[in-house]
Amino acid sequence: MKKMMTKILAGGLAASMVMGLAACGGSTKAPETTAAGAEPTEAAGAEPTEAAKAAAETVASANGDVTLRISWWGGDSRHNATLKMLDEYMAANPGIKVESEYGAWSGWQDKIATQIAGNSEPDLFQTNWNWLWQFSADGTRFADIKELSDFDLSQYDQSLVDLMTINGHVLGVPVSSTGRVFYWNKATFEKAGLEVPKSFADILAAGPIFQEKLGEDYYPLAAGTYDLTILLTYYMQEKYGKQWIENGELNYTVDELADGFDFLKSLEDNHVIPTQEKLTGDGADSLDKNPNFIDGHYAGVVEWDSSIKKLVDALDDEQELVIGEYPADYGTPATVYKVSMGFAVSPNSAHKEEAAKLLEYMFNGDGVETLGLERGVPASHKAQEKLEATGALEGLTYEANKTAAAHAPFQLSPYYEDAALKDDAEGAYQEIMNDMSYDDVDSKELAQSLIDAVNEVESK
Amino acid sequence: MSNSGTTSSPNNFWKENKGFVFIFPWLVGFLVFKGYPFLSSLIYSFSDYSLFEGISKWGIFNYIEVFTNKKIQTGFIITFKYAFMTVPLKLIFALFVAYILNFKIKGVKMFRTVYYIPSILGSSVAIAVLWKAIFKDDGIINMLLGFFGIAGPHWLSNKTAALFIICLLRVWQFGSTMVIFLAALKGVSPDLYEAASLDGAGKWRQFFTITVPMITPVIFYNLVTQLVQAFQEFNGPYIITAGGPRGATTLVSLLIYNNAFKKYAMGLASSQAWVLFIILMIFTAILQYSQKHWVYYSDEEA
Numbered sequence: 001m002k003k004m005m006t007k008i009l010a011g012g013l014a015a016s017m018v019m020g021l022a023a024c025g026g027s028t029k030a031p032e033t034t035a036a037g038a039e040p041t042e043a044a045g046a047e048p049t050e051a052a053k054a055a056a057e058t059v060a061s062a063n064g065d066v067t068l069r070i071s072w073w074g075g076d077s078r079h080n081a082t083l084k085m086l087d088e089y090m091a092a093n094p095g096i097k098v099e100s101e102y103g104a105w106s107g108w109q110d111k112i113a114t115q116i117a118g119n120s121e122p123d124l125f126q127t128n129w130n131w132l133w134q135f136s137a138d139g140t141r142f143a144d145i146k147e148l149s150d151f152d153l154s155q156y157d158q159s160l161v162d163l164m165t166i167n168g169h170v171l172g173v174p175v176s177s178t179g180r181v182f183y184w185n186k187a188t189f190e191k192a193g194l195e196v197p198k199s200f201a202d203i204l205a206a207g208p209i210f211q212e213k214l215g216e217d218y219y220p221l222a223a224g225t226y227d228l229t230i231l232l233t234y235y236m237q238e239k240y241g242k243q244w245i246e247n248g249e250l251n252y253t254v255d256e257l258a259d260g261f262d263f264l265k266s267l268e269d270n271h272v273i274p275t276q277e278k279l280t281g282d283g284a285d286s287l288d289k290n291p292n293f294i295d296g297h298y299a300g301v302v303e304w305d306s307s308i309k310k311l312v313d314a315l316d317d318e319q320e321l322v323i324g325e326y327p328a329d330y331g332t333p334a335t336v337y338k339v340s341m342g343f344a345v346s347p348n349s350a351h352k353e354e355a356a357k358l359l360e361y362m363f364n365g366d367g368v369e370t371l372g373l374e375r376g377v378p379a380s381h382k383a384q385e386k387l388e389a390t391g392a393l394e395g396l397t398y399e400a401n402k403t404a405a406a407h408a409p410f411q412l413s414p415y416y417e418d419a420a421l422k423d424d425a426e427g428a429y430q431e432i433m434n435d436m437s438y439d440d441v442d443s444k445e446l447a448q449s450l451i452d453a454v455n456e457v458e459s460k
Numbered sequence: 461m462s463n464s465g466t467t468s469s470p471n472n473f474w475k476e477n478k479g480f481v482f483i484f485p486w487l488v489g490f491l492v493f494k495g496y497p498f499l500s501s502l503i504y505s506f507s508d509y510s511l512f513e514g515i516s517k518w519g520i521f522n523y524i525e526v527f528t529n530k531k532i533q534t535g536f537i538i539t540f541k542y543a544f545m546t547v548p549l550k551l552i553f554a555l556f557v558a559y560i561l562n563f564k565i566k567g568v569k570m571f572r573t574v575y576y577i578p579s580i581l582g583s584s585v586a587i588a589v590l591w592k593a594i595f596k597d598d599g600i601i602n603m604l605l606g607f608f609g610i611a612g613p614h615w616l617s618n619k620t621a622a623l624f625i626i627c628l629l630r631v632w633q634f635g636s637t638m639v640i641f642l643a644a645l646k647g648v649s650p651d652l653y654e655a656a657s658l659d660g661a662g663k664w665r666q667f668f669t670i671t672v673p674m675i676t677p678v679i680f681y682n683l684v685t686q687l688v689q690a691f692q693e694f695n696g697p698y699i700i701t702a703g704g705p706r707g708a709t710t711l712v713s714l715l716i717y718n719n720a721f722k723k724y725a726m727g728l729a730s731s732q733a734w735v736l737f738i739i740l741m742i743f744t745a746i747l748q749y750s751q752k753h754w755v756y757y758s759d760e761e762a
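Chains A and B supply the protein sequences, listed in that same order. Take the first sequence: its letter number 386 is residue 386 in my numbering, and every next letter is one higher. To convert, count from 1 in the second sequence and add 460; that's my numbering.
If you're looking for bench data, these hints aren't it; they were derived computationally from the structure. Check the hints yourself; a few may be wrong.
Counterexamples of contact, computed for chain B against chain A with all Cβ distances above 10 Å [what the hints assert, rightly or not]:
id: 1; residue: 475
id: 2; residue: 646
id: 3; residue: 647
A short, non-exhaustive set of chain A residues, derived as facing chain B with CB atoms under 7 Å [said to hold, decoys possible]:
id: 4; residue: 110
id: 5; residue: 280
id: 6; residue: 282
id: 7; residue: 423
id: 8; residue: 426
List of simulated lysine to any residue pairs, SDA-like, C-alpha gap at most 25 Å [to be verified]:
id: 9; chain 1: B; residue 1: 723; chain 2: A; residue 2: 166
id: 10; chain 1: A; residue 1: 278; chain 2: B; residue 2: 695
id: 11; chain 1: A; residue 1: 111; chain 2: B; residue 2: 588
id: 12; chain 1: B; residue 1: 592; chain 2: A; residue 2: 106
id: 13; chain 1: A; residue 1: 460; chain 2: B; residue 2: 572
id: 14; chain 1: B; residue 1: 752; chain 2: B; residue 2: 652
id: 15; chain 1: B; residue 1: 564; chain 2: B; residue 2: 665
id: 16; chain 1: B; residue 1: 723; chain 2: A; residue 2: 425
id: 17; chain 1: B; residue 1: 592; chain 2: A; residue 2: 166
id: 18; chain 1: B; residue 1: 530; chain 2: A; residue 2: 451
All C-beta atoms in this analysis are idealised placements derived from N, C-alpha and C, irrespective of residue type, glycine included.
Whole structure, please, built from the sequences with the hints as guidance.
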């Protein structure tokens with residue numbers, strides 16, 4: 001009898017273990033909100049929204065003030081400037097309390113997507129441009145900015161506002177636009193006895209010289225898988241004079257694109273860029289955290305002008321990053337240029353007007369000076385005037401933005417950065433670029449996979 | 461149980477059921493946070509539920525996808541590899557250390573504490589970050605190897621090495637397994653050892669013919685729990701390698717996460733979770749069945 005009991009007990013224990021843990025796993029897969037349809041109808045959104053409203057109002061009535069939640073991603077310098085700006089805002093508006101949620105870019109999209117699906121996003125939040133299409137394809141999931149009278153949308157060029165518009169709804173403030181720019185570490189190039197490169201010929205020539213003079217570990221350029229995709233786009237648009245995506249299709253033949261992949265391979269073969277294996281082995285999430293970039297072993301990057309500051313800040317003292325000329329070996333330079341980010345307001349927010357007032361302060365009002373160029377060169381006319389008056393409209397970010405804007409003849413598809421393509425674990429870009437770098441897959445095959453992946457996303 | 465059904469007075473009813481009051485908080489927690497998600501994921505697994513587009517059709521297509529998609533199959537194969545590498549290594553290591561700590565050595569209490577510490581740290585994010593720092597190209601391990609003139613591999617970006625270091629993280633956290641073994645070892649009667657040594661059995665002989673058979677119930681328990689845990693490993697590969705390089709550490713749990721929160725394919729993710737659950741159940745059942753061949757319960761025959 002006793003033996004039976006022991007057995008049953010052991011069995012029961014083990015089984016409950018399995019049950020419990022599997023259920024634990026299950027809970028992450030099944031969100032509690034079943035109301036996450038594409039059309040957040042009144043009924044669907046009602047329950048959590050009402051609850052949130054009620055909760056917010058209790059807070060408001062109890063303390064006699066309003067609590068706003070705001071979220072953004074970025075590097076340390078952006079966090080500090082934004083927090084300072086918010087402190088100033090709270091000091092000037094005693095009735096308002098702002099709660100901040102912020103972090104680094106990696107993983108941010110997962111976080112915000114979960115919040116949006118669960119109707120628990122902050123009152124106002126920084127949004128990537130392509131998220132408008134991803135989360136609000138019919139234009140109703142985010143609040144319409146033009147209906148918020150406290151925010152002055154007329155400070156923005158209509159063409160920019162159009163880029164934020166879906167089905168007539170303006171889904172976010174177009175904070176700034178940004179383009180990919182070449183930057184070179186002057187100190188390293190000088191150590192190698194070279195000028196900073198002005199053309200692809202210079203870049204390709206620098207690889208072997210770096211290898212010989214400075215050592216195996218030195219590379220003139222570092223590019224992760226997404227950077228490689230940008231480089232490919234740049235090369236293709238320059239050489240063939242065609243926009244990357246036209247009419248919802250990748251605008252190149254397999255042969256043309258294979259030529260592009262051959263070009264990328266030549267970069268790796270000529271010791272211009274480290275292999276993806278080497279870059280992953282560095283163990284850093286991004287270049288600004290990569291010791292090899294920080295101490296000048298990687299002497300160049302292709303980066304958004306709006307995020308160059310975090311790279312410059314990361315560099316050791318003796319290193320110096322300068323803006324490079326766009327290489328024009330194959331035609332007219334055509335870099336990748338887009339709305340760098342927006343700020344959206346949650347339609348579930350109980351305090352949309354207060355959120356709009358904060359947006360006005362941040363992007364058209366007094367907050368502009370504190371924020372400076374932390375989110376790129378502001379697109380708001382008023383903000384530009386303010387910054388110009390204080391002499392803040394200068395420096396690397398500003399110059400880079402100017403040169404990028406001048407070399408961007410083509411438009412970028414809002415699906416270029418879709419998660420299915422860009423995600424660093426699951427996306428097609430990383431898969432294809434890794435196929436190239438790790439396994440040296442044939443260029444035509446790579447071209448075909450890229451065309452298939454892009455067209456599938458575009459036709460969604 | 462008793463004849464209370466016929467003679468129960470209100471007083472009796474309360475007496476017999478007051479236990480429910482005590483487990484009520486747990487029961488609510490279980491139903492809301494485990495029972496409900498558990499069942500809803502089963503329902504979702506038969507739909508094409510997408511986080512942002514809702515449900516448009518029902519069927520078993522997710523399960524067909526799980527069994528035909530090459531990527532998912534690779535995920536399962538990697539998970540098996542991971543589990544079958546981690547669990548035996550961890551059990552052997554934990555038993556080995558427990559055996560040593562069972563001797564009467566000076567300061568043994570301190571050693572027990574020290575060896576348990578990694579387990580307290582558990583699956584914390586900080587440890588995973590530390591692991592990454594140790595194994596990166598110019599991390600401590602490669603620096604040490606460098607002293608001996610060995611060029612270490614790219615631990616984080618080499619396919620085989622990456623899976624191995626993730627196993628190593630779990631093996632290193634052998635503390636709680638060890639403590640359970642330690643308790644079992646203490647329970648083995650000294651008489652048996654005494655008798656064996658009188659008969660001239662050495663330490664090895666004693667270990668394999670007395671210790672191991674006597675603690676098989678605990679080995680069994682550890683085996684099942686560790687296997688279950690290994691199949692659900694997530695933090696290590698997510699933080700250290702993000703499933704890379706080239707998907708070499710993309711365990712099923714990671715794939716589930718990616719499908720759910722990167723592709724928003726909740727339906728597919730749910731079905732993967734259920735397949736994983738069923739695989740776990742099968743393994744547990746096999747182990748349960750097999751225990752009569754190798755697990756010794758001392759109360760078996762009196």
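Here is what the structure says about each hint:
1. 475: 24 Å, holds
2. 646: 18 Å, holds
3. 647: The claim stands: residue 647(B) keeps its Cβ more than 10 Å from every Cβ of chain A (closest is about 13 Å).
4. 110: With a closest approach of 5 Å, the residue 110(A) hint holds.
5. 280: 4 Å, holds
6. 282: Cβ of residue 282(A) sits 6 Å from chain B, so the hint holds.
7. 423: 5 Å, holds
8. 426: It holds, given that the least Cβ distance between residue 426(A) and chain B is near 5 Å, below 7 Å.
9. 723(B) <-> 166(A): 22 Å, holds
10. 278(A) <-> 695(B): At roughly 23 Å apart (the allowed maximum being 25 Å), residue 695(B) and residue 278(A) satisfy the hint.
11. 111(A) <-> 588(B): Distance of about 20 Å is within 25 Å: holds.
12. 592(B) <-> 106(A): 16 Å, holds
13. 460(A) <-> 572(B): Violated, at about 58 Å.
14. 752(B) <-> 652(B): OK: residue 752(B) and residue 652(B) at ~23 Å, within 25 Å.
15. 564(B) <-> 665(B): Distance of about 20 Å is within 25 Å: holds.
16. 723(B) <-> 425(A): Given that 25 Å is the threshold and the Cα spacing comes to 11 Å, the pair holds.
17. 592(B) <-> 166(A): Measuring from Cα to Cα gives roughly 42 Å; hence the hint is violated.
18. 530(B) <-> 451(A): Distance ~21 Å between residue 530(B) and residue 451(A) Cα, so the pair holds.
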